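Participant: Just need the whole structure built from these sequences, with the hints factored in.
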Amino acid sequence: MCYNENVKYIKGVSGIMKRIAVLTSGGDAPGMNAAVRAVVLKAISEGIEVFGINRGYAGMVEGDIFKLDAKRVENILSRGGTFLQSARYPEFAQLEGQLKGIEQLKKYGIEGVVVIGGDGSYHGAMRLTEHGFPAVGLPGTIDNDIVGTDYTIGFDTAVATATEALDKIQDTAFSHGRTFVVEVMGRNAGDIALWAGIASGADQIIVPEEEYDINEVVRKVKEGYESGEKSHHIIVLAEGVMGAEEFAAKMKEAGDTSDLRATNLGHVIRGGSPTARDRVLASWMGAHAVDLLKEGIGGVAVGIHNEQLVESPILGTAEEGALFSLTEDGKIIVNNPHKARLDFAELNRSLANLK
1 MCYNENVKYI KGVSGIMKRI AVLTSGGDAP GMNAAVRAVV LKAISEGIEV FGINRGYAGM
61 VEGDIFKLDA KRVENILSRG GTFLQSARYP EFAQLEGQLK GIEQLKKYGI EGVVVIGGDG
121 SYHGAMRLTE HGFPAVGLPG TIDNDIVGTD YTIGFDTAVA TATEALDKIQ DTAFSHGRTF
181 VVEVMGRNAG DIALWAGIAS GADQIIVPEE EYDINEVVRK VKEGYESGEK SHHIIVLAEG
241 VMGAEEFAAK MKEAGDTSDL RATNLGHVIR GGSPTARDRV LASWMGAHAV DLLKEGIGGV
301 AVGIHNEQLV ESPILGTAEE GALFSLTEDG KIIVNNPHKA RLDFAELNRS LANLK
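Quick note on the UniProt record's numbering: the sequence shown kicks off at 1 and runs consecutively.
No lab work stands behind these hints, which were simulated from the structure alone.
Everything numeric in this text was worked out from a predicted model, so none of it was measured.
Just so it is clear, CB atoms sit at the ideal spot from N, CA and C, and this is done for glycine as well.
Where hints are given, some of them may not hold.
[Unchecked claim] SDA-like mimics (lysine to any residue), calculated; alpha carbons at most 25 Å apart, straight line:
(1) K331 <-> A318
(2) K18 <-> A70
(3) K222 <-> S175
(4) K222 <-> L347
(5) K107 <-> L95
[As the list claims (entries may be wrong)] Restraint ranges, calculated between C-beta atoms of paired labels, are given here:
(6) K252 <-> F83: 22 to 30 Å
(7) D171 <-> G266: 17 to 25 Å
(8) V280 <-> D171: 40 to 48 Å
(9) G243 <-> L95: 20 to 28 Å
(10) G266 <-> Y108: 34 to 42 Å
(11) G255 <-> E74: 28 to 36 Å
(12) L95 <-> D150: 29 to 37 Å
(13) E328 <-> E223: 51 to 59 Å
(14) E216 <-> E245: 18 to 26 Å
(15) N75 <-> E223: 47 to 55 Å
(16) A249 <-> L347: 25 to 33 Å
(17) E103 <-> G272: 22 to 30 Å
(18) L326 <-> E103: 19 to 27 Å
Facilitator: Spelled out as structure tokens, the structure:
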């Protein structure tokens, strides 16, 4: 990752803002509500009015905007998901969609926006800033795959939920002497699989960031049983590799003879009450976003690095510490793509007692 202590901010309106808005975009994540709550309460303490935008950029374009106050957010801290709801709206990548959204912001006198979501949400925040509406991005996704931050809002909760489910699968796997392939979410990142796999004592973890040999996977399963070292076997599979059913089928094709089951934890790990860490992280980031907007600063994303809040320009050059750059033909590229910690993959191999 690239961080720059001398971030080049984009300044918007001068003076203290009087009205800001907050939205959640893309996939929901536990802790989004905590971030919204922090934005609202911090803004109120600074004398700034806050508006909520339902369903992300789609709601912005449609004018689904409403006033928020302390009472509206008093009971959302512990709730999973996002009470503002979320939606994917690729049309906002086009100028026409952006101008429609800006027209609605002007109608409500909104001067700045806090955007909670992933990479696509950040791109929208940058476009708003370029049009004179400073926007600050907060990393909201369970996948932990956003550049510019060590951890995203929702990741800790997703790992805890996946670990709890894997613990229960360990129970039934042991009882019947079975092999389980357990698929977990994470898009193209293996973070959830690695963390939950280590935390639950998985025998093998398969992630997109690392090559695997299906014959080696099967060999380890077979030798574990034949040596008597293993009474059951758990393989945690990141969804970015392939689905659990397909992986199990490949194992059978490679000669696996164990009592094999495939399970997909699915969307259950997106829900649930956020952990204390996710609540604190989201609250910290949300309040800081208001501080930035108060100064008319936009076009940046807030993250956490070495347990300190950091800010990165959303668009610029890698040398400037920007998260994304534009190619000559106008395509957006990631400057420092996220990679899961493969030292954790090696750690799990050293603990799994498999040759």
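Participant: A separate judgement is required for each hint: does it hold in the structure or not?
Facilitator: Do the hints match the structure? See the list:
| no. | hint | result |
| --- | --- | --- |
| 1 | K331 <-> A318 | holds (15 Å) |
| 2 | K18 <-> A70 | holds (17 Å) |
| 3 | K222 <-> S175 | holds (18 Å) |
| 4 | K222 <-> L347 | holds (22 Å) |
| 5 | K107 <-> L95 | holds (18 Å) |
| 6 | K252 <-> F83: 22 to 30 Å | violated (45 Å) |
| 7 | D171 <-> G266: 17 to 25 Å | holds (19 Å) |
| 8 | V280 <-> D171: 40 to 48 Å | violated (31 Å) |
| 9 | G243 <-> L95: 20 to 28 Å | violated (38 Å) |
| 10 | G266 <-> Y108: 34 to 42 Å | holds (37 Å) |
| 11 | G255 <-> E74: 28 to 36 Å | violated (58 Å) |
| 12 | L95 <-> D150: 29 to 37 Å | holds (34 Å) |
| 13 | E328 <-> E223: 51 to 59 Å | holds (53 Å) |
| 14 | E216 <-> E245: 18 to 26 Å | holds (20 Å) |
| 15 | N75 <-> E223: 47 to 55 Å | holds (53 Å) |
| 16 | A249 <-> L347: 25 to 33 Å | holds (29 Å) |
| 17 | E103 <-> G272: 22 to 30 Å | violated (37 Å) |
| 18 | L326 <-> E103: 19 to 27 Å | holds (25 Å) |
Hints 6, 8, 9, 11, 17 from the earlier list are contradicted by this structure; the remaining hints agree with it.
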